[in-house]
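Could you build the full structure based on these sequences and the hints that come with them?
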Amino acid sequence: MQIAIASGKGGTGKTTLAVNLAMLLSEKFAGTGQKVLLTDMDVEEPNSGLFLNGELIDEEVKYRLVPEWIEDKCTLCKRCANICEYNALAFLGISVMIFPELCHSCYACSDLCPEDALPMVKHRMGMTKRYRLNANLHFMESRIDIGVEQATPLIEQTRKFITENYDKSWFTILDAPPGTSCPVMEAVKDADLVVLITEPTPFGFHDLKLAIDTMKELKKKYAVVINKYGIGNDNVLSYCQNEKIPVIGKIPHLMEAAKLYSKGKIMIDKLPEIKKEMEKIYSGICKLTEEKA
Amino acid sequence: MKILIAAKREGWDAPVSDRFGRAAGFSLYDDATGNLSWHSNEENKQAEHGVGIQASQLAATLNADMVITGGNFGPKAGEVLQKTGAKLIDYAGDISVKQAVEKYKDR
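Chains as they are written, first to last, in this note's numbering: chain A, 1 to 293; chain B, 1 to 107.
One or more hints might be untrue.
Interface residues of chain B toward chain A, partial, derived using beta-carbon atoms under 8 Å [said to hold, decoys possible]:
| id | residue |
| --- | --- |
| 1 | 45 |
| 2 | 46 |
| 3 | 47 |
| 4 | 49 |
| 5 | 56 |
| 6 | 60 |
Here are the computed distance ranges between Cβ atoms for each label pair [stated by the list, open to error]:
| id | chain 1 | residue 1 | chain 2 | residue 2 | range |
| --- | --- | --- | --- | --- | --- |
| 7 | A | 107 | B | 45 | 24 to 32 Å |
| 8 | B | 90 | A | 213 | 35 to 43 Å |
| 9 | B | 8 | A | 106 | 29 to 37 Å |
| 10 | B | 65 | A | 190 | 49 to 57 Å |
| 11 | A | 206 | B | 65 | 19 to 27 Å |
Everything labelled a hint here was simulated from the structure, so no lab data went into it.
Because the structure is a prediction, the values reported are computed rather than measured.
For each residue, glycine too, the CB sits at the ideal point set by N, CA and C.
Written as structure tokens, this is what we have:
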């Protein structure tokens with residue numbers, strides 16, 4: 001089971017939900033053989049880890065492949081520059097320049113070069129770390145290096161790492177990046193359900209609709225959680241009711257929750273109202289994915 | 001000597017473009033013939049990224065000795081253009097292609 005927690009707007013509570021749900025499920029699954037993996041997919045600003053303490057399992061530098069121009073082999077045919085969809089190569093008549101920050105590692109230039117003058121070479125883009133938080137809870141985060149322009153390749157590698165290393169006995173929770181573009185689309189690719197978390201304000205509502213459109217486009221199953229429930233207005237709720245979008249949780253707006261958040265603390269062990277809502281969200285997820293709670 | 005000028009449209013009277021990679025097109029002045037030729041950038045300027053690189057590639061392909069824009073060259077365009085060895089004139093201001101050629105051709 002893999003669920004992704006996403007949102008259009010930033011700051012609506014993706015990390016709060018991801019972290020607290022992961023802690024709750026780890027507690028719940030204790031002794032059952034089922035395990036929880038929490039992964040921060042927001043590689044540009046991973047912050048789930050701020051709420052967590054664990055023992056480092058391993059860390060790995062992540063690379064992507066970018067062509068390198070071999071002058072001695074090149075016959076200056078210009079094929080590479082013509083073929084590059086991303087303008088990542090400049091043909092200067094007597095030389096070829098490569099812009100790694102524009103390269104999407106699609107291999108077109110490298111594979112189609114008749115002289116093998118553009119072999120793909122490794123470029124560092126970031127790092128992935130895994131932690132053991134307790135017997136049945138792993139936390140993983142990928143962090144992109146400063147100055148690396150594209151987040152998507154690192155998110156893709158992280159996603160594939162999960163598929164290869166975590167089998168069905170793991171309940172995986174992905175803390176997705178905000179927005180509606182490539183990084184979030186890549187992050188949710190393998191998810192069985194996307195939980196869109198929003199706040200009941202005009203800003204939350206506006207961006208929720210964009211996020212819903214994105215999920216429709218991706219043909220993803222999705223549900224909504226309203227965070228800071230009690231502020232703003234009822235537009236999100238009535239919209240979801242009219243559109244028959246399941247609202248699987250309403251996390252109440254509490255001063256105590258904000259205080260805990262501001263100190264980087266988990267909420268479920270201190271605030272029973274929040275814990276109850278997390279339970280509800282979990283049963284909502286199970287219902288929608290037809291998993292036994 | 002060939003001068004490539006980022007322009008808002010074709011012709012001598014066209015204003016110099018303050019965008020380089022996303023200019024409407026480029027006028028190439030060849031002082032050997034005194035002719036001005038037009039190279040549209042319509043298709044390329046729609047690209048999301050790398051428009052400066054494409055425009056600089058055009059400058060290289062046309063063997064421009066000087067490149068003029070009304071604004072600045074982006075960092076990547078600057079990097080490519082420097083390799084071509086062309087003389088770069090930025091912030092040429094709100095002038096026409098003709099004025100730009102007259103002002104800079106003897107530099």
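We went through each hint and held it up to the structure:
no.: 1; hint: 45; result: violated (11 Å)
no.: 2; hint: 46; result: violated (11 Å)
no.: 3; hint: 47; result: holds (6 Å)
no.: 4; hint: 49; result: holds (5 Å)
no.: 5; hint: 56; result: holds (6 Å)
no.: 6; hint: 60; result: holds (4 Å)
no.: 7; hint: 107/A <-> 45/B: 24 to 32 Å; result: holds (27 Å)
no.: 8; hint: 90/B <-> 213/A: 35 to 43 Å; result: holds (41 Å)
no.: 9; hint: 8/B <-> 106/A: 29 to 37 Å; result: holds (34 Å)
no.: 10; hint: 65/B <-> 190/A: 49 to 57 Å; result: holds (54 Å)
no.: 11; hint: 206/A <-> 65/B: 19 to 27 Å; result: violated (52 Å)
Checked against the numbered hints listed earlier, the structure breaks hints 1, 2, 11; every other hint is satisfied.
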